[in-house]
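Start from chain Z and add chain V according to the hints.
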Amino acid sequence: MLLGLCSLWSSVGQVWAEESVAAPPPAAVEKALADLSSDDPSVQDAAVLTLIEQDDAGLLPRLEELRGNADRGLRMALKPAIDLLRNKNKLHSPDPNARRSAAADLAAIGKPIVVTWLEDARKAEPDRWVRYTIDESVNLIKLADPDPQVKIAAAAKLGELRSQNAIPLLTELAGETAPEAGGGTGQAEHMLVARAAKEAIEQIESWGSWTSAIETLFRGISLSSVLLLMALGLAIIFGLMGVINMAHGEFMMLGAYATFLTQECFKAYLPIGLFDYYFLLAMPGSFLVAGLFGLFLEATLIRFLYGRPLETLLATWGVSLILIQGARVVFGDLTSVVAPSWLSGGMQAMVGVQLPYNRLFIIALASLCVAGIYLLLFRTGVGLKVRAVMQNRDMSACLSIPTRKVDAYTFAFGTGLAGLAGCALTLIGNVEPGLGQNYIVDSFMVVVTGGVGKLAGTIVASLGIGGLNKLLEPSFGAVYGKVLILVLVILFLQRRPSGLFAIKGRHVES
Amino acid sequence: MKPITDPNEMPVENGESRRDFLVKGTKAAAGIGVAALLGNLGTWALSYAADKEPIKIGVLHSLSGTMAISEVSLRDVVLMAVEEINAKGGVLGRKIQPVVVDPASNWDLFAEKAKQLLLVDKVAVVFGCWTSVSRKSVLPVFEKNNGLLFYPVQYEGEECSRNVFYTGAAVNQQAVPAVEYLMSKEGGGHKKFYLLGTDYVYPRTTNKILRAMLLAKKVPAANIMEEYTPFHHQDYQTIVGKIKKFSAGGGAAVISTINGDSNVPFYKEFANQGLRAEDAPIMAFSVAEDELRGMDTTALVGHLAAWNYYQSVDTPQNKQFVANFKAYCKKNNLPDGGKRVTDDPIEAAYFGVHVWKQAVEKAGKADVDAVRKAVYGQKFLAPGGEIKMDEANQHTHKPVLIGEILKDGQFKTVWRSKGLVKPEPWSEYTNPEKGCDWISHQGTYQKKA
Chain Z
1 MLLGLCSLWS
11 SVGQVWAEES
21 VAAPPPAAVE
31 KALADLSSDD
41 PSVQDAAVLT
51 LIEQDDAGLL
61 PRLEELRGNA
71 DRGLRMALKP
81 AIDLLRNKNK
91 LHSPDPNARR
101 SAAADLAAIG
111 KPIVVTWLED
121 ARKAEPDRWV
131 RYTIDESVNL
141 IKLADPDPQV
151 KIAAAAKLGE
161 LRSQNAIPLL
171 TELAGETAPE
181 AGGGTGQAEH
191 MLVARAAKEA
201 IEQIESWGSW
211 TSAIETLFRG
221 ISLSSVLLLM
231 ALGLAIIFGL
241 MGVINMAHGE
251 FMMLGAYATF
261 LTQECFKAYL
271 PIGLFDYYFL
281 LAMPGSFLVA
291 GLFGLFLEAT
301 LIRFLYGRPL
311 ETLLATWGVS
321 LILIQGARVV
331 FGDLTSVVAP
341 SWLSGGMQAM
351 VGVQLPYNRL
361 FIIALASLCV
371 AGIYLLLFRT
381 GVGLKVRAVM
391 QNRDMSACLS
401 IPTRKVDAYT
411 FAFGTGLAGL
421 AGCALTLIGN
431 VEPGLGQNYI
441 VDSFMVVVTG
451 GVGKLAGTIV
461 ASLGIGGLNK
471 LLEPSFGAVY
481 GKVLILVLVI
491 LFLQRRPSGL
501 FAIKGRHVES
Chain V
511 MKPITDPNEM
521 PVENGESRRD
531 FLVKGTKAAA
541 GIGVAALLGN
551 LGTWALSYAA
561 DKEPIKIGVL
571 HSLSGTMAIS
581 EVSLRDVVLM
591 AVEEINAKGG
601 VLGRKIQPVV
611 VDPASNWDLF
621 AEKAKQLLLV
631 DKVAVVFGCW
641 TSVSRKSVLP
651 VFEKNNGLLF
661 YPVQYEGEEC
671 SRNVFYTGAA
681 VNQQAVPAVE
691 YLMSKEGGGH
701 KKFYLLGTDY
711 VYPRTTNKIL
721 RAMLLAKKVP
731 AANIMEEYTP
741 FHHQDYQTIV
751 GKIKKFSAGG
761 GAAVISTING
771 DSNVPFYKEF
781 ANQGLRAEDA
791 PIMAFSVAED
801 ELRGMDTTAL
811 VGHLAAWNYY
821 QSVDTPQNKQ
831 FVANFKAYCK
841 KNNLPDGGKR
851 VTDDPIEAAY
861 FGVHVWKQAV
871 EKAGKADVDA
881 VRKAVYGQKF
891 LAPGGEIKMD
901 EANQHTHKPV
911 LIGEILKDGQ
921 FKTVWRSKGL
931 VKPEPWSEYT
941 NPEKGCDWIS
951 HQGTYQKKA
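Protein sequences, first through last, are from chains Z and V. Going by our numbering, the first sequence opens with residue 1, and the numbers climb by one from there. Going by our numbering, the second sequence opens with residue 511, and the numbers climb by one from there.
Don't read these hints as lab results, they were simulated from the structure. Backbone N, C-alpha and C fix where the C-beta goes; we use that ideal spot for every residue, glycine too. Some clues are possibly wrong.
What the hints assert, rightly or not - Pairs of lysine-lysine, DSSO-like flavour, derived with a Cα cap of 27 Å:
no.: 1; chain 1: Z; residue 1: Lys-198; chain 2: Z; residue 2: Lys-157
no.: 2; chain 1: Z; residue 1: Lys-482; chain 2: V; residue 2: Lys-695
no.: 3; chain 1: Z; residue 1: Lys-142; chain 2: V; residue 2: Lys-695
Stated by the list, open to error - Here are the in silico distance ranges between beta carbons for each label pair:
no.: 4; chain 1: Z; residue 1: Ser-42; chain 2: V; residue 2: Gly-887; range: 43 to 51 Å
no.: 5; chain 1: Z; residue 1: Asp-276; chain 2: V; residue 2: Thr-923; range: 30 to 38 Å
no.: 6; chain 1: Z; residue 1: Lys-79; chain 2: V; residue 2: Lys-849; range: 31 to 39 Å
no.: 7; chain 1: V; residue 1: Asp-846; chain 2: Z; residue 2: Glu-202; range: 52 to 60 Å
no.: 8; chain 1: V; residue 1: Val-610; chain 2: Z; residue 2: Trp-317; range: 25 to 33 Å
no.: 9; chain 1: V; residue 1: Thr-923; chain 2: Z; residue 2: Val-487; range: 45 to 53 Å
no.: 10; chain 1: V; residue 1: Asn-656; chain 2: Z; residue 2: Val-483; range: 51 to 59 Å
no.: 11; chain 1: V; residue 1: Pro-845; chain 2: Z; residue 2: Ser-367; range: 37 to 45 Å
no.: 12; chain 1: Z; residue 1: Glu-30; chain 2: V; residue 2: Lys-917; range: 35 to 43 Å
no.: 13; chain 1: Z; residue 1: Leu-313; chain 2: V; residue 2: Val-610; range: 29 to 37 Å
no.: 14; chain 1: V; residue 1: Lys-928; chain 2: Z; residue 2: Lys-79; range: 37 to 45 Å
The following block holds chain Z by itself, in its conformation from the complex (with noise of 0.2 Å):
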């Protein structure tokens, strides 16, 4: 990597000094930035060409100078050349986003000029999915070579590179009438190109079909691992105690304002270059910001209302209201949280399909919560005693098990998974008081439909509402796949009451 580096800044080193041995003549820049005024469209196109074939360091600066105070039609007729320019200096930059970018804009500019600038850069450039974009730019750029050979190659190789980009400019090609003044041979080479091209389709098409099937099913478990973070507080909160927490949208709310406030403090009161560890504080502080919440909620509310629903969800519905309302007082609106730049951008895993950083890091955190939360309730001693006391709390009792502790500590524990929730979400979503609305309705259509008290069930759950979601969405439309889930689980709930995985014998409430 390194060594790539060093080679990478020798050879900008070599292109800068080949660049001023070839200076060119300054009379014809000089020429060209006086006909950059001129009326005639033909003879501005020229003067922009000549600038860009001898173009020096120094052209760049003296060109934003002048469109600083041109009028409209100078500005429009310098906009190409300076384009170009700046893209130039960008391929060698040292960040491979902005290469890359560079080499997707200059293809889009289409100058054949660019050709060789690319594949100078080329030859010296270390990162993989750059040189994809060199390519496929270069190849852009031949697409449109008067000569039929280059033409053909360039088709066959954008074929091979699987090129999103290159299927409207290959659909022309493969639909193009022959020209009509060219003889036999002209012909005969026209009906190769639009067959080159017919088959680079073929080949693009094909592919990218799959990467979609891919992109689907990515969608499909991101979308699922956000539903099941949500809904695993709730499948513990509801599920296990049974209680109907209204409020446990507002807790993920706490959680993300908890999260605003550690990125806060670090940008007031640490240095910037540990701004971008700040994430991995926050989610630790919302998990405890949450769970303290609730551990006070608990003791002052909720104790009182065991075993009485409605009471509960009236009561926490009053509950999640006032603290929107506090919200607003308090954080105003002027709340944006900043993903880290390490949770920013996207994975390139294939040719077209981007897997962006907090996607994956979603999947990660719910995978892990759900591996925690079963090693908690299942090899631990506290999650023998919160197992005991859901299912037979007298029981428990008698056998000395603190059930008001545990009661207490297990709905602390399901507010905090919310808050862990709220802090994953600042980095999808936005940072508001209404964050938690937009998000319960789905919370509890996981866990009813899951099967109440099951957490196996939540997990079947969020997996097969998110798939089905992202499977729907792309023909019926985000409105109607969002109707066409909830009529769904309507009627699955019509034939399974008590979910995919209904509890048998005793239960909690019985």
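This is chain V only, laid out in the frame that chain Z set:
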């Protein structure tokens, strides 16, 4: 019955039964008593400045609930404009006395509060509403009681009420020029358009007009995609994936009428899936400075918006306006104080108050019918440049500005219309036969027989 201390805090029921009406009547009577008392006190206090009673105006913006985020700023700027006018001696020698009510983002409550303002407080004019549904909900109240509403937000058009003055943009003053810009050489010569919005009346109507316009400009139907999401939609993975496919090969742009809290997830997903403003710029009609100040702008930089005003507009009167607004918020200890920003609806709400004031002065009285006639053709040097009220169609002639989003949540103007654009309540693309005219016709009319 509980004693009522403040007419503005009257409990409001949703039903319209006879009993409700009677109860309200009694409450209202009590309210009027108190209001009269307050009014007397006010008059007494103001007797140094003017001998006459103040003119009451209503401010009907949500101060709580989901729309509060946007609407509170409009209340603030209206009160600021009132303060400015009062400091210069008021209107016709009379002070302006604002009556602020909170419809709480609830459409039914909007109608109730509007009724209260018109019938109980007897205000001369109301400044209010943001969402189209709230406007539609108060419209019958204003028409029945011949009230006057100044509506400051860009909207979907297809309305021509003589009881409303629209100081925001009609579709031909925002969406249509924005798409024309994208199609122009300067705007990148885009050929494919992805119309994406939240599922309600403004995006649907706007996109209907845009689709008609694109088809009229010979854009093939295959190059136009239209898609809607529910309110508060958070998962934009599939849609961004579709945009990515759609924009492959270049020449595509996204026209976004996404509303409120769905914007952040959308822009974030857009950036994270590797799409850039160079691949497919997003042109937004509902994202302004006031929304941006609560967002992480990294994912939005380089994308576009279309409005009639930006805080960055470089005129002396705008510099003054921005400074005044910040100072006003700071002085009154409003949330975020001096960090507040101005944007298009804030400007439109602000000059609405001044246009009304000029009209009252021209008419010589605050009577609704007289003021309405006086508003026609009224000109005002607004912060963003001079605007003009149309001579007949209740709307406003405004400039159109395309802006690029900057890192600090401000806009850089990249294109500006030549002069003012005449408002068209009925779009030439979807309703070419209809017009709006309250001088030579009775509102909406059919053009030529």
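Hint by hint, here is what the structure shows:
1. Lys-198/Z with Lys-157/Z: With a Cα-Cα distance of about 13 Å, the restraint between Lys-198/Z and Lys-157/Z holds, given a limit of 27 Å.
2. Lys-482/Z with Lys-695/V: violated, 40 Å
3. Lys-142/Z with Lys-695/V: With a Cα-Cα distance of about 24 Å, the restraint between Lys-142/Z and Lys-695/V holds, given a limit of 27 Å.
4. Ser-42/Z with Gly-887/V: 43 to 51 Å: holds, 47 Å
5. Asp-276/Z with Thr-923/V: 30 to 38 Å: holds, 34 Å
6. Lys-79/Z with Lys-849/V: 31 to 39 Å: holds, 35 Å
7. Asp-846/V with Glu-202/Z: 52 to 60 Å: holds, 57 Å
8. Val-610/V with Trp-317/Z: 25 to 33 Å: This hint holds: roughly 29 Å between Cβ atoms.
9. Thr-923/V with Val-487/Z: 45 to 53 Å: holds, 47 Å
10. Asn-656/V with Val-483/Z: 51 to 59 Å: violated, 42 Å
11. Pro-845/V with Ser-367/Z: 37 to 45 Å: holds, 40 Å
12. Glu-30/Z with Lys-917/V: 35 to 43 Å: Check passed, 36 Å falls within 35 to 43 Å.
13. Leu-313/Z with Val-610/V: 29 to 37 Å: holds, 35 Å
14. Lys-928/V with Lys-79/Z: 37 to 45 Å: Cβ of Lys-928/V to Cβ of Lys-79/Z: about 20 Å, so the range 37 to 45 Å is violated.
Checked against the numbered hints given earlier, this structure breaks hints 2, 10, 14; the rest are met.
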